[in-house]
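Produce the complete structure using the sequences and hints provided.
Going down the list, the sequences are from chains E and P.
The first sequence begins at 1 in the working numbering and counts up one residue at a time.
The second sequence begins at 1001 in the working numbering and counts up one residue at a time.
Everything labelled a hint here was simulated from the structure, so no lab data went into it.
Partial chain E-side listing against chain P, Cβ under 8 Å, derived:
#1 V252
#2 V270
#3 D271
Glycine included, C-beta positions come from ideal geometry on N, C-alpha and C.
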Amino acid sequence: MNESWKSYASGSFFDELITPQGQPRAAARGVVRLLQKLPGQEMAERRAAAELAIREMGISFTVYNEAGNIDRAWPFDIIPRVISARQWQAVSDGLRQRSLALNHFIQDIYNQQKILADGVVPADIVLESTNFKPQCMGMSPRFGVWAHICGSDLVRDGDGRFRVLEDNLRVPSGVSYMLENREITKRVLPELFENYSILPVDDYPSQLYQTLASLSPRERRRPCIVVLTPGIFNSAYFEHAYLAQGMGAELVEGRDLMVADDNCVYMRTVDGPVRVDVIYRRIDEDFMDPEAFRPESLLGVAGLMRAWKAGNVAIANAPGSGVADDKVIYAFVPEMIRYYLKQKPLLASVPTWLCMREKDREHVLKNLDQLVVKPANESGGYGIMVGPHSTAAVRRKFARLIEENPRNYVAQPTLALSTAPTYIDDTVEPRHLDLRPFILQGRDTWVTPGGLTRVALTKGSLVVNSSQGGGSKDTWIVEGKA
Amino acid sequence: MTMLSSVAERLYWMGRYLERAEDSARLVAAYNHLIMDIPRAAELGWDVLVRILDAEPVFYQQYRVGNEQNVLRFLMAEEDSCASIPFAVRWARENVRTTRDVLPEETWEQINELHLYVSDAAEKSVGRRNRQAFLEEVISRCQRVNGMLSSSLPRDHAHRFLRLGHLLERSDMTTRLMDVGTGEILGRAGTHEATDPLIWTSLLQALSSFGAYRRMIGPLVEAQEVVEFVFQEPLLPRSVAFCLAEIRLELKPLKNHESAMRILNRGRRKLGKLQPEQMSREALHAYIDEFQALLADLHDAITASWFHPDTP
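This is the structure in structure tokens:
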């Protein structure tokens, strides 16, 4: 074993690659054995090769700060995370079930609202949410599906059990990094692929294409699909361009599109207007159509909602999908699964206290130092308080925020997030991670084998967001024994 | 396969800026030679270059005197001045950045390297010692990008709009250059018959066409013949006639080309009527002015037909 692994100890957390006895877990045996045999010098060389590949491939993301926008190289850890295919199958079934139930819910909310009438979900938390868009009432998109692309964040707790932490139904991002991570691993650790059967991920752009194509309002052999981006200054522009290229779709900004008198969407081309069938929207719905939402938006296309409601264009994810992407609604997903599908939830979620309920709120305020408090309606890890890591001043601030606006806050127990070996400087150390798989739903449902693993590079940190010092790892779903 | 108007527009400007960077470098290089060759050259002044590029108002906002240092700093080293080489290079690069997916993979790398080179070297190349080497390097790097594009870009819309920008910019820069010969330099004190051939020769050199002139016309460099050659020679890739003929070929397959074609044909007829031996220097200068206005109309027509078709 080389030096860098000698002192590896995951402590009390569940480590995904190494058992508490210090032995590699079955699915990871091959990876761990090989990496432990590499001389330390070579580990460093492989990491340097990965960094070079990232620069050459131009994989970057944008960070916003006072100095303006900076393009940063994508932080990547070369040690892959390994999950057995058997275990993954169960997770994948659970995600599929969840995505079906969420879509039933959205469809119900914008139509009969049965679940509210039956009192399974309180009506006021849905109808008073800023994510509920009355403009969408009465709509019924193809297949009854609203959230065609869902990115769910999973964590593993102290027992190694997968739990859903949240569902991103608005414009989830990160899938291009999942694809690039595999490319990089193939380049820098090719020998790992010799003895493993690793499920490929590079299918994603064609699966996405098929999902989007199935939504086309016109029956055509090649429907016209566009990716709508806010533009080059958006932090995920790289991904927008990547996916457009992968699908052979046009990458458009709002000003490339227009809605004509016939309520159809056209893109402006040198051959004149060309009708668009499907829009993969990577712009927030509030900015999507100045006619229907924020009138000051310059990014959107006036009349887009009209065209969508007339059934002349499909939009993915459909406007209004965000109604199910709310940390208060999250607490009701197990109920939705029972209500709509008459099934038991296959995937565990995280116990959630809703500050709007008096009893819950009392509990939360009493236990602020133990809990993670989240705003119901933010993404990217902003506005979160991790109780055990917080100061008294911060807890006071959150207590005030909760009292002022209880509807906007939920709390969850601080989870003992799993760890995996991560190469830091010249030693291998445990770091916490999460996982974002992507679920596609159109005519069919499809789940990525694995997903994007994000890792908190700072020792002990639970924050994995790339905008806040997180990195990522290649994620392997492996078949059979290594 | 069609193309988004916005993408076509960026490619067109990429073509224009790349050509502008190269032609500006040529212009400065040729003038630099000329100044060394002409007795009492100082009287010619460097501000001519600013006038050729129509940049006087901007220039005099920043500088009081049009001397060698100021003019060359303005044209070679200021990334924010719209007439400078770094400005053209930066905007060529910006336009590639957002159209990378329709261009060969090497395009971004090469244009990026050109940009890095210019930002690195421009400042220290304003002085006489490094000036020529810098200009030559810019010219040859621009040519590398053009060569790569012409040997690997499929002849579809991407190529077409890139080429339209390239050809229009070239016609524009060529006519500007000829204006120097007619209106600017030759009319001034400090020049006389003995220096005329030197000036015309340097103009031909700026167009990389001196060798071709000698072979096709002859060794004696004379005003009328140079003007005819540069405007009307159908076989010379930098002549106005050649550029317009090529523009016509690119416009033809495009839908909705009527208005651009009408202006283009007007230009071709106008070109046919040019008879430098019967024209005074002032008349020629006026002719060139009109011609440039026509090129500006052509640009407007292209913009209106394909880039912003529904903006009234």
